[in-house]
Amino acid sequence: MTYERQTDFGTPEALSDTFVTLTIDGREVTVPAGTSVMRAAAECGGAIPKLCATDNVKAFGSCRLCLVEIEGRKGTPASCTTPAEQGMEVSTQTPRLEKLRRGVMELYISDHPLDCLTCSANNDCELQDQAAAVGLRDVRYGYEGADHLGTQTDTSNPYFDFDPSKCIVCSRCVRACDEVQGTLALTIDGRGFASMVSAGQQGDDFLSSECVSCGACVQACPTATLQEKSVKAIGKPERAVVTTCAYCGVGCTFRAEMRGEQLVRMVPWKDGKANRGHSCVKGRFAWGYANHRDRITKPMIRDKIDEPWREVSWDEALTFTASRLNAIKTQYGARALGGITSSRCTNEETFLVQKLVRAGFGSNNVDTCARVCHSPTGYGLKTTFGTSAGTQDFDSVMQADVILVIGANPTDAHPVFASRMKRRLRQGAKLIVIDPRRIDLVRSPHIEAAHHLALQPGTNVAVLTAMAHVIVTEGLADEVFVRERCDWQEFEEWARFVAEERHSPEVLEAVTRVPAGEMRAAARLYATGGNGAIYYGLGVTEHSQGSSTVMAIANLAMATGNVGRRGVGVNPLRGQNNVQGACDMGSSPHELSGYRHISDGDTRALFEADWGVTLDEEPGLRIPNMLDAALDGSFRALYVQGEDILQSDPNTHHVAAGLAAMECVIVHDLFLNETANYAHVFLPGSTFLEKDGTFTNAERRIQLVRKVMEPANGMGDWEVTQALANAMGLQWHYTHPAQIMDEIARLTPSFAGVSFERLEAEGSLQWPVNAQFPDGAPVMHVDGFASGKGKFVVTDYVPTDEKTGPRYPLLLTTGRILSQYNVGAQTRRTENVVWHEEDVLEIHPSDAENRGLKSGDWVRLASRTGETTLRADVTDRVAPGVVYTTFHHPATQANVVTTEYSDWATNCPEYKVTAVQVMASNGPSEWQESYASWSEKSRRIVPAEPAE
Amino acid sequence: MDADRLIYMANQIARNFEVRGKQGAIAATADHIDKFWDPRMKAAAYAALEQGHAGLSTIAQGALEMLRRGHTPAPQSLATTFNAVDEAGHSDAG
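Top to bottom, those sequences are chains A and B.
For what it's worth, numbering that gives the first Met the number 0 labels the leading residue of the first sequence as 0, then goes sequentially.
For what it's worth, numbering that gives the first Met the number 0 labels the leading residue of the second sequence as 0, then goes sequentially.
Treat the hints with care, since some could be wrong.
Chain A is faced by these chain B residues, among others (derived, beta-carbon under 8 Å) [stated by the list, open to error]: (1) 3; (2) 4; (3) 18.
Bear in mind the hints are in silico, worked out from the structure with no lab data behind them.
Every residue, glycine too, gets a C-beta built ideally from N, C-alpha and C.
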């Protein structure tokens, strides 16, 4: 599409079943009751001049430009704050209004720089537009006298500037920060002429303030006061393409605003149903990695991993790879080969990788990053509900009365959804947080958790069982719901189990360290506070009882009747953007797309007929099993698309040993990541900006990814996989990802009604999309569970085998931070490093004092599997006995410390509980130094010889 | 495959099914291993069983013996109940 600003209706949409009809400038318009006159005018094609109004924040009535006249009423009310009424007759353009508006505009312009031609917002400025709209021709006051034109520009933020000389103090930025983002970092400082937008306290600039750089203020600004540096550097965009973000599982949609082949900025798309026009610092600004100097765009090969890389042609790389893979298959059998699909790649690309493994390699050794994040969600929710996808859409949170957040840190990991949740909390919903750390949600502006259960890491099941004990023994269960919707006998068995005295909060307090009174109060609130919605993350799943915890959560929701309608539910917050899609596409070693087991003959026959091959009927290896099998010689070749298992998976030494034992490791990625240090083939990847496809977010929402620029490496990832398949002798002839989606739809019942054509027309679809749900299903289990009856499962608390002791007396838990994403491969190559240039270790003051540590000191973090060093951050955000770090930086490699312990059902690693010791250190560990040296050696590249 | 690691995994599965009682837990453990383990993992576990691996729990041992005899139990929970070829109801997205 050519570049046009997104439609702005001036005030938010009113939601009402009652409608009113009014007349605006002689035109009749019908709108929901509560709609402003301004919005009603915009909906019938009129445009009342405005400056302080924009439709993602509440009306403010400050600029006095949107005045109208209403028949039978005195004065000239502001149309933004005046609700439309039945029979109202409105005039938006009269001589009186023209004069008033022109007078208002004169005042604005008398204190505004007249540098339009050199201004970065030239021709894309609402002030400029409105000056034209009101017919401003002169400023009677002149330009002498006091003004703000000499004020300094704040350039501290890496992505946008704040130039107060251009500010009209409309407060749109302040209101966007308050209402949309919920950080409340901005304010109007001073009064009258001295009024000025201010970030934080006196002396703060944007960077040092509480600002989280979500970009809402920049988007809201009607002038060039808050402006993207990229627009200043490049100029006004000339076209816009709507696409889907490649970061977290929220799946925000953006307009990629382009100038030629150059991306000028990413602006959240207001029609996007996942993000509703909001964004975070990653999706909005952190896309510079796409053109980073580290990007590899030429294929490379080497015989051994201690040799330098050789740049080669695509033909040579693919022939080399296919020949190695075929040789290994011939010598060791098909089960010696496997692949890992990427949750950062599209559904179509993921589908092709698993197809290559199954139809080309001939094995079921395919897995995906869900193994190390939400695989217990799959197991746990399927066991209880029959299907494990998140039960709600994101909008549902606005109808929740009690929000229970367990093992998730949405403000850092799912910030756009967190803003929606915070909006609901500011409206009065109650909050329960179950987390060993005092995450930001526990106490932030206008939000305070009713209960923060700061449990001992590893005791989730005990806490949830104790809460269930309270609900059952105090008669708080929703018996009507359970009798109607669940298996009553199983409920009774579960209720007897949790009601045992050994499961009371008082008895379990010794294990969980949560005061019994708090636990009881939290349980009562969840059970009786109205709509109860549970949101959880990897603090639930990444434990030895991850699957049991998910089942315990589902038990609580069913017991209290909090499933099957809006405002309730069980909602896993997915880590990566397409982790849901990767799983849907058959990335697990035991099942084909649509969750059909590989042992089912009818399902295999369907795929065999379509693909023209015979499929292995036995489940394949999961990622950790692949590494184990590599060490015993039965697994020899691995194709890894868009994942960095060396950095992300637990027990780095073990991962490295497994990779080093393989004969052919193929890394298909944007950068020479840590896994590539052990690879023989590097196939350059493409960014989400460079290809077409679809992502499926945590709401099961399938959305289009659109190519906005040509791939720097010459091929989309789906084309690379196809080229490799054909080099191995397969005959694939896809010319566009839409054809791959057609194949997915043909073979996958839950995608039967999905096509690029429909997605193009409808924006998004939430699966299942089939004969039963032709338009998809926003909320699951509305008329009953997928399995018929909800299944209560007794979840016995089994303590982890990872124990603290004299050598390792502290418990380490790991997580993420707002500005970085996963292993940091993308975000470390952006200006986001300003906020997080290294991983640090959070340690409680008492533990720090015992060790003589202060913030900023180097510390050695050691477990039984390995050790690393990093700087300390002394904070009471963590409880005594608990330390915390992130895993975004390879220089730290936090996973050198984590262990091989994993969830009993799925092998999801127990990242959240590692017994460690912390002590003072004077610099990097021996391992860090040797790894840095190895890494540097492994990344040597011999350029291709120029053609004669 | 490292027998100790596999036996640890089998025991861990068995321990979490223990609340079902011995026979129920044996069937559930066998069902789980049958549906989710690669053939070489199963073979290595059977080998450890035959060699009388000392670390095997009673339930895990019962499950491996059941599978080695060629008896694969019917699905013991919804976790091991998968969609039929034309079904869309179940999912286990991780």
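Now for the hints, and whether the structure bears them out:
no., hint, verdict
1, 3, "11 Å, violated"
2, 4, "6 Å, holds"
3, 18, "5 Å, holds"
The structure shown violates just one earlier hint, number 1.
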